[in-house]
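Q: In order, the protein sequences belong to chains A and B.
Counting in the working numbering, the first sequence runs from 1 upward without gaps.
Counting in the working numbering, the second sequence runs from 1 upward without gaps.
Hint data in this document are derived by calculation from the structure and do not stem from the laboratory.
Errors might be hidden in some of the hints.
Quick list of the computed label-pair ranges, beta carbon to beta carbon [said to hold, decoys possible]:
hint, chain 1, residue 1, chain 2, residue 2, range
1, A, Ala210, B, Lys281, 38 to 44 Å
2, B, Thr414, A, Asp208, 39 to 45 Å
3, A, Asp96, B, Thr414, 20 to 26 Å
4, A, Gln189, B, Thr263, 39 to 45 Å
5, B, Gln119, A, Gly267, 29 to 35 Å
6, B, Lys281, A, Ala330, 56 to 62 Å
7, B, Ala141, A, Asp96, 49 to 55 Å
Where chain B lies over chain A, by a calculated footprint (3+ residues, C-beta under 8 Å) [said to hold, decoys possible]:
hint, region
8, 43 to 54
9, 96 to 109
10, 164 to 170
Model, not experiment: these values are computed from the prediction.
Ideal Cβ positions, reconstructed from N, Cα and C, are used throughout, including at glycine.
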Amino acid sequence: MPDSQITLLTRDGARIEVPCASGDTVLDAAAGAGYHLPAMCHQGTCGLCHARVTSGSYEMSGYTESLLPGRDLGDVLLCRCTPEGNVTVQLPCREDQIPRHQIPLRDAVVERIEMVWERAVCLSLRLQPHDELGVAADFAPGQYMELAIPGTGIRRAYSLANLPNWDGLIEFLIRIQPGGQFSAWLTGQARVGDTLTVRGPAGRFVLDEASPRPRCFVGGGCGLAPILSMLRHLAEFQDSQPVHLIFGANQEAELLPESEIAALRAGLPQLTLTLAVMNPGPAWNGFVGTAAAALDASLAPGVTEPDIYVCGPPKMLLAVEEVAARHGLAGRVIAERL
Amino acid sequence: MFCYQCEQTMRTDAGGGCASDKGVCGKDEVTADLQDLLIYQLEGIGQYSTRLHALGEADAAADSFTLYALFTTLTNVNFNRQRFVDLIAEAARTRDRVRDAYLAAAPGAEKLGGPAAFQPFQTLVELQPQTKIASLAAGAATFGEDVAGLRALVLYGLKGVAAYAHHAEVLGRTRPEVAAGVAHALDFLASEPSDINALLEEALALGKLNFGVMEMLDAANTGSFGTPEPTNVRTTPIAGKAILVSGHDLRDLHGVLEATKGTGINVYTHGELLPAHSYPKLKAYPHLAGNYGSAWQNQQLEFAAFPGPIVMTSNCLIEPQPAYRNRIFTAGPVGWPGVRHIGDGNFAMVAQAAKALPGFAETAPEKTILIGFGRDTVLGVADTVVGAVKSGVVKHFFLIGGCDGAAPGRNYYTDFAEKAPQDTILMTLGCGKFRFNMQDHGTIGGLPRLLDIGQCNDSYSAIRIALALSDAFQCGVNDLPLTLVVSWFEQKAVAVLLTLLALGVRNVRLGPTLPAFLTPAVLNVLVDKFGIQPITTAEADIEAALTRAA
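Whole structure, please, built from the sequences with the hints as guidance.
A: Dropping the structure here:
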C-alpha cells in the first residue's frame, strides 16, 4: 500500500499520479512508477531536479541551501524532497519530455529457425517499423522479450541473445521442452515469414558496466542466451576486464559449439572458459560436475573477487547463490531465473 | 576521490569539493582517482618533454597525447574508467619514449624523479591503491590550502588550454610554443611548487599562452569552415529522420554532415554547436537543418525527446538515461561506460541509427534566432558601433559570456540580459546564452542589441572585439564602456579567465559562485590585483557597471 500520493503537474498541464512509500523522495517515487525525471548528483548539490511543491507538506534535508532561493515559495530539489502526506509538484518540463519506462508491443516477422545444438533452436525475428520506435532493436544485453504464439495469446519470455542493432534483428536461443506449447509451435507450425507479437525489452538482468571487478558468467543450456548477448557486448566495446565463463551441461553434446567459443574468444581475448559436464563420456577430460561446483573451484583464495552473473534453472541459481555466500560474495550475484 | 574543479562542486561548511564515492557530475570515485593518476603521469611526460623542447627537439605524438589526455579529465567529458586504465598504460609508454629521446639527445642528462619515475600497474584492481600518490587532497594537507588552490588554478587553467589546443589540433593546427608551454606547466606542477608568487606567475603565463591557443583555434575554425556571418538559425524541427550533434567539435559535426549527405537525414545542432550554423562551409550543407534544445544541463529531457541518434563530441555529458542510452554516441575525448564510442571519425553507424529511428513526424512552425557575430562581422561594422557610442545612442556594452549550469541561481544571467537598459549592447558567447538568446532584445543603431559571438571556444573573437574598440576609442580596455559578466562552470572558463587577467582586463564580474579551489587569501590577491568581483543581483550589478562607466 502506498503511504501517500504524489501528483506531478507538467508545464503543458498533464497530471501524473504516482504512489509514494513512506520515506521515499519524490524522485524515487516517480522512478518507481516509471517516470525518470532529470537528475544528476542525487545528493542535493547540483540543482538539476528542482521543481515546486504547490500543495502538501514535505521534508527537505541535506541539500545546498543556496540552490533554492525560492524555498519559501515551495521550491524543492526532488532528490531531497520527502513527502509527508499527499503533495502536488509542479515540474519545469512538458509531459512528452519525461523519459518513461514503457514496455513496447511490436510486430516481428520470423526470419530464421535453426536447430543450433542439442534441443536448442535459434529463432531470429525482424521487428516491423513502429511509429515511435522506428525499426531499431533497442535493448540492454541481458534483457528478455515476451513472444506470443500467433493467434493464441499464449506468451513466453525468452532472453535476447544478440546485440542491440539498427536493423531490427532480434535473436533468441530457445530450449525445446517436450510438451511445451511454444516449443510445439516452434518445431511444428512456425514458418519463415510468420508474424508474431513481441513485448519487450524488459528485465533487470543487465551488466553493471561501471563495476571495477572481474566478471564471472555462469550459465547452462539456454541460460546462455543473455550471457551471450552480454559477452558479445563486452567484445564490441573492447572491454578489457577479466571475464570467466562457466558453462554447465549434462552431457558433452549439450555444450555450446566450438565455432561459438572461437567467435567469443576472437572478440574477448581475455576470456577464460570452464566447461562443466555432469555426466560425461569416457573421452571427456574437462571439469566433471555442476556449474556451481566449477564456480566453487574457481573462487580460490587470493583471486580478485568477481561479480557473478548467473542465468539458469532455479536449482542452478540456488546452488550458485550458496557457493557465492560461502565465499562471502552473496551481494555480488546478479541472477536471472529461467 | 577529491575533486573541486568545477563550479557545481559540493560545498559544505568544511569547504568545497566532492569527496564521497561520487561527484556531483556523476563521476565515480574510481574514475576520478584514475584521472588524477593520469594527470600525475602527464606531469612526468612534461618533465621530459620540457627538457626535450629546450634541446630544440620534440615528440609530436607525446605532445598531442598530452592535450587529448588532459581534455578527457575536464568536467563532464569522460566517465569510462576502463578508458583511463588504457590511457594510463599509454601514458607510461609515451613517457618511456620521451625519456629515451631526451636521454639520447642529452648525454649526461639529469636523472628525473617524482612523476617522471612513476611506474603504473596494469589492471584496474592493481591501479587503485596507486592513485593515492596523485591525490589533490594530499597536497592540501602538506602545503596548505592556499598553495593547493593555486596549484589547482594552474592545473585547471592548463586543462582548459589543452582542450582548446586539442580542438585546434584536430583541424590541423599546432604551434611549437603551445606544446612547449603545456610541457612547461606540467613540469612546473611536477616540481611541487609552493611559492605563491611563482604559482600566480605561472597561472598568468598560462593565460598568455591560452590567448595564443585561442587565436590558433580561431584560425583553425575559420580556416576550415570560413568566417562566421550573421545567420538566421531555425530552432524548430522539420519532419523527417534526424541526428543531433552536441558538444563543441566542428570537425565531428562536419563528419556527420558528410556521412549523411544525400540521405534525407536532417542534422541538428545542440548546445555549444549552435554557432556552427554561421560558418559558410558548414551552412552550405542543406541538411544542417537547425538547432534543437538548449544548454547541456537540459540534455536528459531533450535527448529523451529527440527521435534520432545523438553524438556527443566534447563536454558536457550527463549520465545517459536508459531512454536514449543505445542511441547516444560519444566521440573524441568523451566517454561513458556502455555507450558506443566513435574514435575514428566514421559516422556511418550514426546514419544507420538515424534511418532506423522514427525521426520527427511533423514540421513545427518555423522559429529562428540570429547568430554569427564573430569578430569579422562586428569589426566590419565598427564605424557604426563607434559612431553609435559617440552620438550617445549606445551607452554601454555588456559581454555576458561563459557556461551554463543546473543551479537555479543562474537565472541571474537571464535577469541581467532582460534588465540591461535599451541603450546598451549585449554580446554573448558560450552556452550561458541559452538563458536569454531565445528572447527578442530589439535593435539599436541599426544593429541587433544581442550579438552572439559564438562558442566559449570563440573567446578570442570577443577579446579581439574589445581590443579593437579600445583602439577606436584610443583608450585602454578597462576604460571602455564595457563590462564583462562571466559565468563559469568548467576548466576552459578558468583558462579564459586567466587570459583576461594576463591581458590586464580588470573588474570582471564572476559567477554564479566563485571557484571552490580559490581560498579567501588567494581571492583577496585576485581582487586587489585584478578587481575580480562576485555577482550580486542583476539590478545592482548593472547599476554599478553603468555608474563606473559614467
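Q: Starting from the range 56 to 62 Å, see whether the pair Lys281 (chain B) and Ala330 (chain A) falls in it by beta-carbon distance.
A: The hint (56 to 62 Å, Cβ to Cβ) holds, given that Lys281 (chain B) and Ala330 (chain A) are roughly 60 Å apart.
Q: With 39 to 45 Å as the target window, see if Thr414 (chain B) and Asp208 (chain A) comply at their CB atoms.
A: holds, 40 Å
Q: Indicate whether the distance between the beta carbons of Gln189 (chain A) and Thr263 (chain B) respects the range 39 to 45 Å.
A: holds, 40 Å
Q: For the pair Gln119 (chain B) and Gly267 (chain A), does the Cβ-Cβ distance stay inside 29 to 35 Å?
A: holds, 30 Å
Q: Look at the Cβ atoms of Asp96 (chain A) and Thr414 (chain B) and judge whether their distance stays inside 20 to 26 Å.
A: holds, 24 Å
Q: Can the suggested window of 49 to 55 Å be confirmed for the beta-carbon pair Ala141 (chain B) and Asp96 (chain A)?
A: holds, 50 Å
Q: Taking 38 to 44 Å as the stated bounds, is the beta-carbon spacing between Ala210 (chain A) and Lys281 (chain B) within them?
A: holds, 40 Å
Q: Can you tell me if the region 96 to 109 of chain A counts as covered by chain B, using C-beta to C-beta distances under 8 Å and a minimum of three residues?
A: holds (count 6)
Q: Three residues or more, CB to CB closer than 8 Å: is that satisfied between the region 164 to 170 of chain A and chain B?
A: Held - the region 164 to 170 of chain A has 4 residues with a Cβ nearer than 8 Å to chain B, which meets the minimum of three.
Q: Closer than 8 Å, Cβ to Cβ, for at least three residues: run that test on the region 43 to 54 of chain A against chain B and report holds or violated.
A: Since 6 is at least three, the answer is holds.
Violated hints are absent here; each numbered hint is respected by the structure.
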